[in-house]
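Asker: This is what each chain is made of:
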Amino acid sequence: MSRVVELARLMQGNEAAAEGALAAGVRFFAGYPITPSTEVAEIMAERLPRLGGKFIQMEDEIASMAAIIGASLTGVKSLTATSGPGFSLMQENIGFAAMAEVPCVIVNVQRSGPSTGMPTAPAQGDVMQARWGTHGDHPVIALCPSSVREAYDLAIRSVNLAEKYRMPVILLMDEVIGHLRERVVLPLPDEIEIINRREPQEAPADYYAYRADETGVPPMANFGTGYRYHVTGLAHDEKGNPTNDPARAEGLLLRLHDKLNLNLDDILIEDSRSLDDAEVVVLAYGATARPARQAVKEARQQNIKAGLYRPLTLWPFPTASVDRLARQARTIIVPEMNLGQYRIEVERVVRGRANVVGVNRVNGELIAPGEILQAILEVV
Amino acid sequence: MMEELERYLRMDRFPHMWCPGCGNGIVLGCMLRAIKKLDLDQDRTVIVGGIGCSSRAVGYLDFNTLHTTHGRALAYATGIKLARPELNVIVVSGDGDSTAIGGNHFIHAARRNIDLTLVLFNNSIYGMTGGQYSPLTPVGKKATTAPYGTIEPGFDASELARAAGATFVGRGTTYHTELLANLIVEGIQNKGFSLVEAITACPTAFGRRNKMKGGTEMLLWQKENAVHINRAGRLSPEELDGKIVIGELHRREAPEYTELYDKLILNVQQETQSASIKTMKVE
Ligand SMILES: Cc1ncc(C[n+]2csc(CCOP(=O)(O)OP(=O)(O)O)c2C)c(N)n1
Numbered sequence: 001m002s003r004v005v006e007l008a009r010l011m012q013g014n015e016a017a018a019e020g021a022l023a024a025g026v027r028f029f030a031g032y033p034i035t036p037s038t039e040v041a042e043i044m045a046e047r048l049p050r051l052g053g054k055f056i057q058m059e060d061e062i063a064s065m066a067a068i069i070g071a072s073l074t075g076v077k078s079l080t081a082t083s084g085p086g087f088s089l090m091q092e093n094i095g096f097a098a099m100a101e102v103p104c105v106i107v108n109v110q111r112s113g114p115s116t117g118m119p120t121a122p123a124q125g126d127v128m129q130a131r132w133g134t135h136g137d138h139p140v141i142a143l144c145p146s147s148v149r150e151a152y153d154l155a156i157r158s159v160n161l162a163e164k165y166r167m168p169v170i171l172l173m174d175e176v177i178g179h180l181r182e183r184v185v186l187p188l189p190d191e192i193e194i195i196n197r198r199e200p201q202e203a204p205a206d207y208y209a210y211r212a213d214e215t216g217v218p219p220m221a222n223f224g225t226g227y228r229y230h231v232t233g234l235a236h237d238e239k240g241n242p243t244n245d246p247a248r249a250e251g252l253l254l255r256l257h258d259k260l261n262l263n264l265d266d267i268l269i270e271d272s273r274s275l276d277d278a279e280v281v282v283l284a285y286g287a288t289a290r291p292a293r294q295a296v297k298e299a300r301q302q303n304i305k306a307g308l309y310r311p312l313t314l315w316p317f318p319t320a321s322v323d324r325l326a327r328q329a330r331t332i333i334v335p336e337m338n339l340g341q342y343r344i345e346v347e348r349v350v351r352g353r354a355n356v357v358g359v360n361r362v363n364g365e366l367i368a369p370g371e372i373l374q375a376i377l378e379v380v
Numbered sequence: 001m002m003e004e005l006e007r008y009l010r011m012d013r014f015p016h017m018w019c020p021g022c023g024n025g026i027v028l029g030c031m032l033r034a035i036k037k038l039d040l041d042q043d044r045t046v047i048v049g050g051i052g053c054s055s056r057a058v059g060y061l062d063f064n065t066l067h068t069t070h071g072r073a074l075a076y077a078t079g080i081k082l083a084r085p086e087l088n089v090i091v092v093s094g095d096g097d098s099t100a101i102g103g104n105h106f107i108h109a110a111r112r113n114i115d116l117t118l119v120l121f122n123n124s125i126y127g128m129t130g131g132q133y134s135p136l137t138p139v140g141k142k143a144t145t146a147p148y149g150t151i152e153p154g155f156d157a158s159e160l161a162r163a164a165g166a167t168f169v170g171r172g173t174t175y176h177t178e179l180l181a182n183l184i185v186e187g188i189q190n191k192g193f194s195l196v197e198a199i200t201a202c203p204t205a206f207g208r209r210n211k212m213k214g215g216t217e218m219l220l221w222q223k224e225n226a227v228h229i230n231r232a233g234r235l236s237p238e239e240l241d242g243k244i245v246i247g248e249l250h251r252r253e254a255p256e257y258t259e260l261y262d263k264l265i266l267n268v269q270q271e272t273q274s275a276s277i278k279t280m281k282v283e
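From first to last, the protein sequence lines stand for chains A and B. First residue of the first sequence? That's 1 in the numbering used here, and the numbers climb one at a time after it. First residue of the second sequence? That's 1 in the numbering used here, and the numbers climb one at a time after it.
Here chain A stands alone, though its shape is the one from the complex:
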């Protein structure tokens, strides 16, 4: 039997996210059930004890987020999964993880909102919440898969980035991808790159928990390993102790952003189709990228110079790439299952150099290829 046949299996998006996280070394999960993300918790409850890991169903999503931060501080890679209402509840503690630089991954399988909305219907309404959901000028990484295999790969990548940059990473899925079943061939364990947080080399007495080298990321000592230091959500100095000193507070905040700004090449990933000569570019992410790909293909069949640009890293925003598109294309079409949350960011970077058009739906239905093709035909 060839390896491909041997390893091919039918998998659901949520399952892929869970399995990817496990493959990346996640051994702690705390969560609270919510459609359409619940499968992630159920799989973790079953799989983790077999691997010697821990699963706990907390009393709410606030507690879930708190528990994964606590677990991660002891050196265990940690995950939670939720959807809109639960994601809202997690925000304060996501900010804590950003401020105190604690690696952790939050899977948010988006459903139609606001409020309870349509629990089983897809949406992409949390794009801005993923960016700005918690208060203050915090950095964030959010990755967005368009297929089951990609949910697996990006779950691994989310864990890796969280560990490498010591921050919360959001795997921003949607109901379509979460519940989609596809045939996948998963990589073998030795084909998977795994990144672990950097630990201090110096003696405990010389350790500054929040002093970074040129990477911007301080090495992290896990609780219980002999390095005694303070972790707080207050503005803090390099020792981790609270400070009201304006220069120190600002220095900390700027460094938190530098961690990303200095490493964009590593963090930003994207995909494209027939972009080289494209005059009309469809910029799409998540489930919406699937009909977008089909629409671009059909447009090409009609000899229209259309292309697809697909950011897999939604945040930080791929400014350089969109800037390039702005110089190349006459029109950029942004289909989204929201009222244009990512489009405003595109417009901010394009600054009028190309025509930016939205194709939007907030009725709980996926956008059809025909709707995007229609938009393409209207601008050529």
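Keep in mind that the hints were calculated from the coordinates and are not lab data. Predicted model only: the values in this text are computed from it and were never measured. Please note that a few of the clues may not be correct.
[Claimed, not checked] Dumping the calculated DSBU-like pairs for lysine-lysine here, alpha-carbon to alpha-carbon at most 30 Å:
| id | chain 1 | residue 1 | chain 2 | residue 2 |
| --- | --- | --- | --- | --- |
| 1 | A | K239 | B | K243 |
| 2 | B | K243 | B | K223 |
| 3 | B | K223 | B | K213 |
| 4 | B | K223 | B | K37 |
| 5 | A | K239 | B | K213 |
| 6 | B | K191 | B | K142 |
[Stated by the list, open to error] One-sided and incomplete, this derived list gives chain B residues near chain A with beta-carbon spacing under 10 Å:
| id | residue |
| --- | --- |
| 7 | V48 |
| 8 | E152 |
| 9 | Q269 |
For every residue, glycine included, the Cβ atom is placed at its ideal position computed from N, Cα and C.
Dock chain B with the ligand against the given chain A, drawing on the hints supplied.
Answerer: Positioned in the frame of chain A, the structure of chain B with the ligand alone reads:
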């Protein structure tokens, strides 16, 4: 004594931020005496706080210390303890922190009987934000948000913990320091969820507004109004009205959460192993 406790303190963090007359330092002192008595390994002990004047205690302590978000200390601590059961985890929190915003985590940590010791600094008020009423403010008392006296009945935090499933509950005061330190010792030694409620004075935000004068008078108030549990049984409900019952209030035997989880792991892994041996035989 002080010198012996200094090894547990981050001396460079002093002077502390508490007001003159505040009882928080006394509670902290009792905690450190308990830690010393038990000779807890400083490198294997994590102290977690919420948000409030009392929770700031963690910043002065030379351990792995975690100052979290308002009300959530027990949820963070649950993650730490479940991930690494071998660590000692102590939580410090205020009355607002653990019974208002954190009330849900409080009852669920107790229900799970996870091996955490919560030292609840009960000063009857929200100290840090300047004196708003908390769920432990006695009815009728004044607060900035209850200028005419609260009309809300308060919780009994110790009763709440007992009802929710805690396996050790004790209450002390900053006047009865030996008792308080001993209760913390018992709490830490108990394998399960322990609550030690420490009645402490906040002259600035509570005493002043409620005609209790300064820190000394508030300490004397504790002396006069505390009744040890051994004596409380002999008093009528009328005699106990307005009194604070102190001492070991509750203890029961129950399996501890992280031990149960470790057993579950063992069982599941053994099952998986024997299942795979069976399939090998079939093949
Ligand atoms: C989510 C949130 N809400 C409100 C606050 C503001 N806040 C800070 S401390 C505090 C009350 C603290 O009272 P308590 O827990 O009784 O502790 P104490 O200061 O009296 O020791 C409040 C309301 C906050 N920090 N976070």
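Asker: Decide, hint by hint, whether the structure agrees.
Answerer: Do the hints match the structure? See the list:
Annotation: proposed proximity of A/K239 to B/K243 is violated, straight-line Cα distance about 44 Å (limit 30 Å). Under the criterion of a C-alpha separation no larger than 30 Å, the hint pairing B/K243 with B/K223 is consistent with the structure, at around 10 Å. A hinted pair counts as satisfied when its Cα atoms are at most 30 Å apart, and B/K223 with B/K213 qualifies at roughly 15 Å. Distance check on the hinted pair: B/K223 and B/K37 sit about 25 Å apart at the alpha-carbon level, within 30 Å; holds.
Proposed proximity of A/K239 and B/K213 is contradicted: the alpha carbons are some 39 Å apart, above 30 Å. Annotation: proposed proximity of B/K191 to B/K142 is violated, straight-line Cα distance about 39 Å (limit 30 Å). Residue-level restraint check for B/V48 holds (minimum Cβ-Cβ distance to chain A is 8 Å; threshold 10 Å). At its closest, the beta carbon of B/E152 sits 23 Å from a beta carbon of chain A; the interface hint therefore is violated under the 10 Å criterion.
With its C-beta approaching chain A no nearer than about 6 Å, B/Q269 sits inside the 10 Å limit, and its interface hint holds.
When the structure is compared with the earlier hints, violations turn up for hints 1, 5, 6 and 8 and for no others.
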